[in-house]
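Colleague: Since the structure of chain X is already known, use the hints to place chains L, F and D on it.
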Amino acid sequence: MSTQTETNDTFPKLLRYNARVRAERPAMREKDLGIWQSWSWAEVYEEVSDYAAGLYALGLRAGDKIAIIGDNRPRLYWTLTAAQVIGAVPVPTYADSVAEEIQFVLDHAEAKFAMAEDQEQVDKLIDQKDHLPGLEVILFDDSRGLRDYNQSFLWNYEAVLEKGREFRTQNPEFIERCIDGRTGSDVCIMLYTSGTTGQPKGVVHTHDSVLITARNAAELEGLNERDEVLAYLPMAWVGDNIFSFGQSYAAGFCVSCPESSDTVLNDLWELGPTYYFAPPRIFENLLTTVMIRMEDAGKLKQRMFHYFMDHAKKVGVDILDGRSVGLMDRIKYGLGELLVYGPLKNALGLSRVRLGYTAGEAIGPEIFEFYRSIGINLKQLYGSTEAAVFITIQPNGGIKPDTVGVPAPDVEIKLSDRGEVLFTGPGVFKEYYKNPESTADTKTDDNWVMTGDAGFFDDEGQLKIIDRAKDVGQLNDGTLFAPKYIENKLKFFPNIKEVVAFGHERDYCAAFINIDLEAVGNWAERNGIAYASYQELASLPQVYEQIQAHVEETNRQLSTEERVAGSQIKRFLLLHKMLDADDGELTRTSKVRRRYIAEKYDVLIEALYSDKKNCRIETEVTYEDGRKGKLAADLEIRDAKTVAIGAGAAAQAAE
Amino acid sequence: MIYREAGEFKTSYAADQGLLTIPMDRWFVIGLVLFAFIGMPLVGDEYWLGSIMIPVLILAIAAMGLNILTGYAGQLSLGTGAFMAAGAYMAYKVATNLSFLPVPVAILAGGGFSAMIGVLFGIPSLRIKGFYLAVATLAAQFFLLWLFTHVDWFVNYNLSGVPAIADYHLFVDWGPLVTGAQASVEARYLFVLVFAVFLALAARNMARCKIGRSWMAIRDMDIAAEIIGIRPLHTKLSAFAISSFYCGVAGALWAFCFINNVEPGAYEIERSFQILFMIIIGGLGSILGSFLGAAFIFLLPITLSQLPGWLGLDVPADVITHLEFMVMGVLIIFFLIVEPHGLARLWQIAKEKLRRWPFPY
Amino acid sequence: MEALNALFVTPFVEIFDAPWFFMEVLTGGLMAGVMYSLVALGFVLIFKASGVFNFAQGVMVLFAALNFVGLMDAGVPMILAGIITIAIMVAVAFAIERFVLRPLVNQEHIILFMATIGVAYFLEGVGEMIWGTDVRPLNVGIPDDVFFVGDAMIQQSDLFAAVVAGFLVVVLALFFHYTRTGRALRAVADDHQAALSIGIPLNHIWVIVWSVAGFVALVTGIMWGSKLGVQFSLSVIALKALPVLILGGFTSIPGAIVGGLIIGAGEKVAEVYWGGFFGGAIEEWFAYILALAFLFFRPQGLFGEKIIERV
Amino acid sequence: MSEMMADNENGRIGGELLSVDNITLRFGGVKALTDISFNINKGEIRSIIGPNGAGKSSMLNVINGFYKPQEGTIRFKGKNVNMKPDLAAKSGIARTFQNIALFKGMSTLDNIMTGRMLKMKAGFLSQAIYWGRAQKEELENRAFVEEIIDFLEIQSIRKTPVGRLPYGLQKRVELARALAMEPELLLLDEPMAGMNLEEKEDMSRYIIDVNEYFGTTIALIEHDMGVVMDLSDRVVVLDYGCKLADGSPDEVSSNQAVIDAYLGVAH
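Chains as they are written, first to last, in the numbering used here: chain X, 1 to 655; chain L, 656 to 1016; chain F, 1017 to 1327; chain D, 1328 to 1594.
Hints listed in this document are in silico derivations from the structure and should not be mistaken for laboratory results. One or more of the hints may lead you astray.
[Stated by the list, open to error] Under the rule of at most 20 Å between Cα atoms (straight-line distance), these lysine to aspartate or glutamate pairs were calculated in the EDC-like manner:
| no. | chain 1 | residue 1 | chain 2 | residue 2 |
| --- | --- | --- | --- | --- |
| 1 | L | K784 | F | E1030 |
| 2 | D | K1486 | X | D262 |
| 3 | L | K1008 | L | E994 |
| 4 | X | K641 | X | D611 |
| 5 | L | K665 | D | E1517 |
Bound conformation, chain X alone (with noise of 0.2 Å):
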């Protein structure tokens, strides 16, 4: 493989290498015309060198910027390869921008082609060509509904492998001699970031830092030409890139692209990946889907089914990690894998994963052991757009579900007097493109790029990661405030819908709780406790001694985490209403919008600041009609135990 590294230093340079050694294996499929449609790597080189040369033909340069628009298809996929080929800078974009975000990062890419799926995309870009004095050729993939449009700048693709089949019997040398002329430090990529705040950033790879990150990463988890992977996840994001792209070429596995995005759950179900990546969210919504189908089952069923999962729980990690389980333990497993597990995960697609990825946000702990109980091993990393994805990785048989691991192979981390994570390694991206006061801020000249997320290293050397930087806070007495960390500790209780935790110069820690109406509401049904709304719900002591326990049993956790430990949540009150965007309580996007809520609140945090036990609040709400109205209450302030530091770990220790 080392050699390799150095002939093989550009993504071009890979495929002609894959199209000799493993010439007849599969490298891209794609679900069409009911079935999956397969390119030997032989095939692919063929047709991107055609393709490559029809871009040339058409007026692609070395240095020229391509847009590619659509969702995960083959042609798109090959689209960066023929660019790369002649030294031009693949930029794909999110297919499901609206034209005017489409227009400025094509704008600000300064694109001269763009690769459209469809006629949808090819209508946005029509849409705003006006705007877009630099872009000169479109090309489109699927030519439906795109017969009567005769404007002299789209091409379709098959017509662009023809120029590029003519322009090669021309010059038959020109594609080997293009590959052969790039080297790794050429740029090979250029991503743009949706950044929460501001313009989106283009960040700029070389074939180096995709291709050696990739690599990395491959020859750690033991990625091989067999394994196989769907590729459903934009391919604007990193992670496609390197887990859909970059990695296949450098451990020469086969992806697949779905049929649409209607379809992914049964395609995903169809073709089985062995390498899997999915955002927390998909994995809470998977395990959601698999409880909700399993209330429907029989009575013994669901018994079966409740048992041999909690006998998964109890065992299952353990089993996958190597660890030593008793032989009974071992043969009911084995059982549960036949009845339960095997088929559950044969159910959703996910029986031959060998390696599962998730990263992006928190995933909850129970969802997070949930899947590995059963036998899948998925594991957490942490990366970012400008690290090429892998900053760390969980190690194999070193899993916990609240870190996310250790560094990446070549990877080297730091944590800035703020806690803030600091890395550097092979995957580094080059610059953000024209726009040197971000690329300064964000990357010093050493090579040490700023994540913006606050973190720590536990004790097993394995990285937390807390907040976002910017919104941790300290207590008066100096303890580090990480109030998304606490948060995301409550909001995996499932009867808690949203949290906001307060105590940036304060002397301690303070919660606002608003409970998860379904799930409290199915518990209040099955205890025959009536209630008329949110609110009387949330007064109820019932639920207060509920919430009252989890919070205490966070403060636990908290307290065996030495960073964190003080920051245990002294007083809590469960809010009145649902915080909700209406109300401009939280984003569009469902994020809390803290100094808002302190504001609205601030007679709530006062009381809770105080030693009352009772605080009265008056809150004007919009319904869903877009009336308005007040609402006045009387709430219930709280303290809740907590746990001296240390305390809790000896308590672990001793269970």
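Modeller: Below, chains L, F and D alone, put in the same frame as chain X:
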């Protein structure tokens, strides 16, 4: 539960249109066929092979035949017995008069003759449907049986009218004895099994090809079938021909490999009903159902007659016969009400359950 | 030549040579035909009212007769035996409606047909289980003397049967035309929806019509049974009724009568005069082949309505 | 698919494809159609409209051979025809029905495959062993059918038994089956009956797409006047079995007799 289909994706139409696209099923069927060929002759005794497996397989062939006509093409027939008889008598004629032909050829010739007869009695199906057609097939049932018993040519002027089947080798005078009283039960069983397996395979193939689709099209909606260019008469007659071929082969095998003589009583109207029941209970429009139905209907009376013994009860034989009638009647009604697609559908449902396991749907 | 002679000359010569004998054969056939007619009548009733092709009609004849003769042999007076048997047949009708027809409502006709085959098997099993399989002579006092019309010998019992059949037809005709229930039955035959709209529960109609068919079966069984004894072969005449229906049409009561007579007379005459040529026993298939021929030329039968297929 | 695409560069509409001359159809004493004449040109979308019972469906049934007219002739591709439905299919006429006429016991895929019946020539022996020609034909035609499935966007119901599909999808499958025949003339009998607005829009789009992509001539019966006026090149109006008007949508909708007989009536 036992299915692991994730990752079994198809990269070509050939694979997607295969017979058993789920590997589990494929292995199961291969295993079953292997057992039928190797295991069964080893473990089965004279009674099991000779008195159960052989007749069940033969009846399954006839049931497949009727299923092609009734289950796939939607044409009701009450003349199965007569078409079986046609096969038996013609196979006998060929085997005795053209003795240079190997016996499998004689049996196939019986099927061929039956196919011709089937076409003849299928002609009315162009103009009539349902019960009316049932009458036409009843005419075949009574007329043909009368013909074979009253025209001595068919039995080579045998005085008893029930000629015995000689012992034939597989190929004229080469190979093991496969028919007649001297043939070993294993040889006869394997001989019948080969026919059953190949005919089942052929039926499945036809069912998934053009011809099967045109049968089903005629069955489901003949008017719509016509507008897409399906010729009704041609399609119905092809169903009659192929159906009768299967019945004819079954009839010939019955005479050659099971009862060792050409006995008209074996092909009476009761036989026609018996086979009709097999496909109703087994499953209309299902090859698998033909086998399940044949086994079920054939084994039911045997089980019923053994049952009191197993339970230590003393029930007179004639009571059991009456019970058999009652149980049969109730079962037919039960299946029509509860599962009109028969055992094959139950099997399907069970399979779906296993595929969805642990989810209920 | 000889064959043509045997087929087209000799039989007719024989007929003209012995006209009285022919008359005798013909009346014998017609009388058998009356039995077919009665069975066919049961079919038509049920088919008209419920669209069900009742294969079990033949077995119902056997079942009714078995009960009747069984009760009489057990010492029950004839009238009482008749009443009890009718009650049993009504109960059977109820059971069939409840356990067969109702669960299968709106199913295809062919499915219902097959269900009645199930009913036939069940009733046969039950009947023979209770009353045994022996042939039971039945004597209900039908005169069985013979008398002569010219040289033709006529059995009084046959004549009696004919009168009963005629009487039955008249009663049924009156019932259909002059009673509310009868009119409702006709309405159902024409249009199920219409029948529902005039407020008659379909279930009741089915029970009634199956009961009536049960009654017809009983009468048929008594007639046939007093002639040949009550035995299993009674159920086989159900199959003979099929060609009768083809001839007469599935929905026509007069058709059933006329069809029965034609088949009965036809097969007797054919057997006596042409049977020898064919090798005998052509009675077994004559009716079916005749029906088959009919199907080619007049598929709707003699009295049936023309079926127009709408696209 | 490309071989199916019509050469539409020089004008979509060509010469006469079908002509109906003086057709009179009687059922017993009832006249269903009286002396109807009109023609259909290659490549056009021709609508037949009229109030209920005007004889529209009868007209289609005459064209594809279900009914035999007592008088008059039908000429298709210049040839005098008086054919049975299966021969009509052979000569290139496909149709859909007002009441869906799918094969209920079969899957979507199999239903559409039946549309390829006429393109398959393998003998039954070849089919029985699923070898050689039969297998080749099955696979080739499957590939063709998949194109149509893709075209009509019914991938997700490929293997679903059609009986379980909702109404709108069944209509689409029926259209797919007709398209699988690669017809020159496609008769659509109320393709949008009973559909909601969205489904109607979809169906309209498919009809236009079919007409444009495959160059298929379409004869359409439809109740929704908006749809008819949008889609059609020419419209013929029937009333009580007689022809009332014939011409472009504009001409027809301004014709007084049509307004009186049909448009005036609230629909």
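Colleague: Take the hints in turn and mark each one as holding or not.
Modeller: Hint check results:
The hinted pair formed by L:K784 and F:E1030 fails the criterion: a straight-line CA distance of about 40 Å is larger than 20 Å. For the hint pairing D:K1486 with X:D262, the CA-to-CA distance comes to about 16 Å; that is within 20 Å, so the pair holds. Distance check on the hinted pair: L:K1008 and L:E994 sit about 16 Å apart at the alpha-carbon level, within 20 Å; holds. Between X:K641 and X:D611, the direct Cα distance comes to roughly 15 Å. Compliance with the 20 Å bound is thereby established for this hinted pair.
Between the alpha carbons of L:K665 and D:E1517 the distance comes to roughly 38 Å, so the proposed pair goes past 20 Å and is violated.
Checked against the numbered hints listed earlier, the structure breaks hints 1, 5; every other hint is satisfied.
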